[in-house]
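**Student:** Starting from the structure of chain S, add chain B where the hints point.
Here is how the chains run, residue by residue.
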Amino acid sequence: MSFSNLTRRGLMKTGAVAGAGLALPTYLSAASHSGFTNAPQGDTVTLGFNVPQSGPYADEGADELRAFELAVEHLNGGGDGGMLQTFSSKALEGNGIMGKKVQFVTGDTQTKSDAARASAQSMIQKDGAIMISGGSSSGVAVAVQGLCQEAGVIFMAGLTHSNDTTGKDKKANGFRHFFNAYMSAAALAPVLKNLYGDDRKVYSLTADYTWGWTQQESIQAATEAMGWETINDVRTPLAATDFSSYIAPVLNSGADVLVLNHYGGNMVNSLTNAVQFGLRDKQVNGKNFEIVVPLYSELMARGAGKNIAGIVGSQNWDWKLEDQLGARYTGTNAFVQSFGTKYGFPPSQAAQTCYAQTLLYADAVARAGSFNPCAVVEALEGFEFDGLGNGPTLYRAGDHQCFKDVVVVKGKENPENEYDLVEIVEATPAEQVTYDVDHPMFAGGELGNCNPGA
Amino acid sequence: MDAILLQLLNGLDKGSAYALIALGLTLIFGTLGVVNFAHGAIFMIGAFCAVTLSKIFSLSHLASEPSGTDFLGKPKYDDVLYIKEWFGESAGAWMLDWSVPLSILFAIPVMIAIGFIMERGLIKHFYKRPHADQILVTFGLAIVLQEVIKYFYGANPIPTAAPEAFRGSFDFGVLLGFDPNAIIYPYWRLIYFAFSAVIIGGVFAFLQFTTFGMVVRAGMADRETVGLLGINIDKRFTIMFGIAAAVAGLAGVMYAPINSPNYHMGMDFLVLSFVVVVVGGMGSLPGAVLAGFLLGILESFASMNEVKNILPGIDQIIIYVVAIIILLTRPRGLMGRKGVMEE
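Chains S and B, in that order, are what the protein sequence lines are.
Using the numbering used here, you'd call the opening residue of the first sequence number 1 and step up by one each time.
Using the numbering used here, you'd call the opening residue of the second sequence number 1 and step up by one each time.
Chain S with its partners taken away, still in its complex shape:
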């Protein structure tokens, strides 16, 4: 007679559970020593740069990667130091981050959420990345931000403009330096009123996905608040290439402004089609017909060529800011000098935001005195800084969104070269584009608590 209930099956079950328990957090193994995911071992620290290296935004991704490489070089004490010289915080000493040499791994988002998550996961699990940054799409940013929150690493978003990234999809481990759709609209509305008056009828074409919807909602609210009327908003498939059948109805709709809530190739094609159909030369309601593109990028302007001339839009940053608007935007020239010397052409806004995000992360670690994500979150929340090219900036604690001036631009009529396609109309002060954390356009999500991963 045996008093033991141990059977062969029971032993196997127990063994399996114990084994799983031991093996479970493979990528948290480092964390088990220090309480957080991928705590740096030895004298190096690894950052993960997740950018589109293939797909339609590969050129933007390449520029982001150049900026990341430059930032790492400067953090490790190489080059001319770039914006480390102008950054208001002096916690970084050019000796890596807290004395650990910075190294990096890269992933390809392919501008697809699933591919971006997979590459970020690989960098976290296999390469030991302690922070993920980069990207050129809001869908990707939201997906990767969610993954980083679960894995317990910091996500420093790249180019993402949807309200949702720091709105309903915000996460405690995620931070966005780039501006958003609401800010674009808030900055553009007064400029549009000045340029085109307060009695306008708007027809908008909107890319049918998260960014398009929030951009349209934002610009409609802002323009209607100043007296404009939205007579139609047409959703266009993201995969559309020829927009002629969407542009044709605009001709006789009675609208005198066309707002193109399109990005990337969509915007290049829809704007080209609109110009082909003579909208720029048209007179409606006794006024010149106008086209507005709320979000601009230099690469989009290059793709649109001469069609971009005279089109008003907004940017997060422009490489001519300091030269044209003065020392408030200090850091711009230092960055342009470093980037231009290394690569031979001026940086894009995607490059600037990625460079700034890398420095901001490193600085937060240095100020916190720890790589622990929760310490980094605490250091970044409510952090006020200057000297990174955008003027005085606040990383708001409530939603992890940066608040800074927004640049309103206009396509140049006679550009001197392919890097000088836009002229700065004005820089709208941060106060004018600031909103409450619980603004209806950003409602629906919770920041939650930081996750150190252990």
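Note that these hints are calculated values from the structure, not bench results.
Predicted, not measured: the structure shown is a model, and the values here were computed from it.
Heads up, the beta-carbon is just placed ideally off N, CA and C, and yes, glycines get one too.
Do not take every clue at face value.
Some residues of chain S that are not near chain B, with every Cβ distance over 10 Å (derived) [to be verified]: (1) A58; (2) D59; (3) D80; (4) K112; (5) N194; (6) K201; (7) T230; (8) V234; (9) N307; (10) D386; (11) A430.
Chain S side only, calculated, beta carbon under 7 Å to chain B, not exhaustive [unchecked claim]: (12) Q53; (13) P56; (14) G278; (15) G340; (16) G344; (17) P346; (18) N414; (19) H439; (20) P440.
**Tutor:** Just chain B, lined up with the frame of chain S:
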């Protein structure tokens, strides 16, 4: 009424591109029996022929004297175009302005050569393989071609303008008794439609009225018998592959000013063109052309706000809905021949 006419024009214009690509696909399928998923990539390469010639015409050297300072404060030297140095200011400017139409001359030999190389180098090895193998290998080839173009030209669209003389719009409304500006349509899109009509007519005339075309048609109908008559049908079919590539390439060249070429544009057209081929009837050249225009027009009408208000999202699925209806009622497509793809 004016909106309907505008969408009809749009439909004819879209249909032109679909018909030209589908025509090439059908030529290849009808002659060689190959389902060529790389055909969209050939269209894309055609568009990049226009980009390439434009870039060749824009080759330059730096001026000897600086004209100012660049963004880093260093001396800036203006670009001096070789073409203007060699041919004079006005002739050089004209060539640059007309680079897209001139690309037709450049693209024809290039596209025929690419067609020959593709057929002889890769596709001929898959003639006797199942269609699934052909689809896989040609799809793979399309991805390789895309990546090659992206490597050399980048992922960003490259603006390629039509000649200055054709950049405006034509006022159709006045012609038809409407108010001025009621129905305006871009010149270049009208030219694209006319160009497509000429190419389609040319291909049909070539097949109908030349001995070569007669042999090819005979080969499409009964390859074995034509072979038994001592005619080297394979050689003629290889030439037809080159011609099909040239047709798709020219469609791409002329499309370049309509939407800035990018490395992915072939894929955007490929799926729709295959639907066009299936709806038209596999192996039927008139069917491909008819279906191309029909689906182009239906797609344009489905984009009208009046239609979308009744059937939201119909613009995104109309082509597939029509394809299902036609294939349910006419399983061989509009003008499909008995026995094609039915073994």
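**Student:** Now look at each hint and say whether the structure bears it out.
**Tutor:** Hints, verified against the model:
1. The Cβ of A58/S sits about 4 Å from the closest Cβ of chain B, inside the 10 Å cut-off, so the non-interface label is violated.
2. Not every CB of chain B lies more than 10 Å from the CB of D59/S, the least distance being 4 Å, so the non-interface label is violated.
3. Remark: the non-interface label on D80/S is consistent with the geometry, its nearest Cβ contact in chain B lying 12 Å away (cut-off 10 Å).
4. Its beta-carbon lying about 13 Å from the closest one in chain B, K112/S satisfies the requirement of being farther than 10 Å from that chain.
5. Taking the minimum C-beta to C-beta distance to chain B, about 28 Å, the non-interface status of N194/S holds against the 10 Å cut.
6. For K201/S, the requirement that its beta carbon stay farther than 10 Å from each beta carbon of chain B is met, with the minimum near 15 Å.
7. The claim that T230/S lies off the interface holds: its Cβ sits roughly 14 Å from the closest Cβ of chain B, which is beyond the 10 Å cut-off.
8. Against chain B, the non-interface label of V234/S is violated: not every CB pair exceeds 10 Å, the least being about 7 Å.
9. Interface exclusion of N307/S from chain B breaks down, the closest Cβ pair being 7 Å apart, not more than 10 Å.
10. Every CB of chain B is more than 10 Å from the CB of D386/S (nearest about 23 Å), matching its label as outside the interface.
11. The claim that A430/S is not at the interface with chain B holds, since no C-beta of that chain comes within 10 Å of its own (minimum 26 Å).
12. Residue-level restraint check for Q53/S is violated (minimum Cβ-Cβ distance to chain B is 10 Å; threshold 7 Å).
13. Taking 7 Å as the C-beta cut-off, the interface hint given for P56/S holds, the closest approach to chain B being about 6 Å.
14. Checking G278/S against chain B: minimum C-beta separation of about 4 Å stays under 7 Å; hint holds.
15. For G340/S, the suggested interface contact is upheld, since its CB lies about 5 Å from the closest CB of chain B, less than 7 Å.
16. For G344/S, the interface hint is violated, the least distance from its beta-carbon to any beta-carbon of chain B being 9 Å, above 7 Å.
17. Contact between P346/S and chain B, as hinted, is supported at the beta carbon level, the nearest pair being about 5 Å apart and thus within 7 Å.
18. Taking 7 Å as the C-beta cut-off, the interface hint given for N414/S is violated, the closest approach to chain B being about 14 Å.
19. The beta carbon of H439/S is not positioned within 7 Å of any beta carbon in chain B (closest approach about 29 Å), and the interface hint is therefore violated.
20. The beta carbon of P440/S comes no nearer than 25 Å to any beta carbon in chain B, farther than 7 Å, and the hint placing it at the interface is violated.
Comparing the model with each earlier hint shows violations of hints 1, 2, 8, 9, 12, 16, 18, 19, 20; every other hint is respected.
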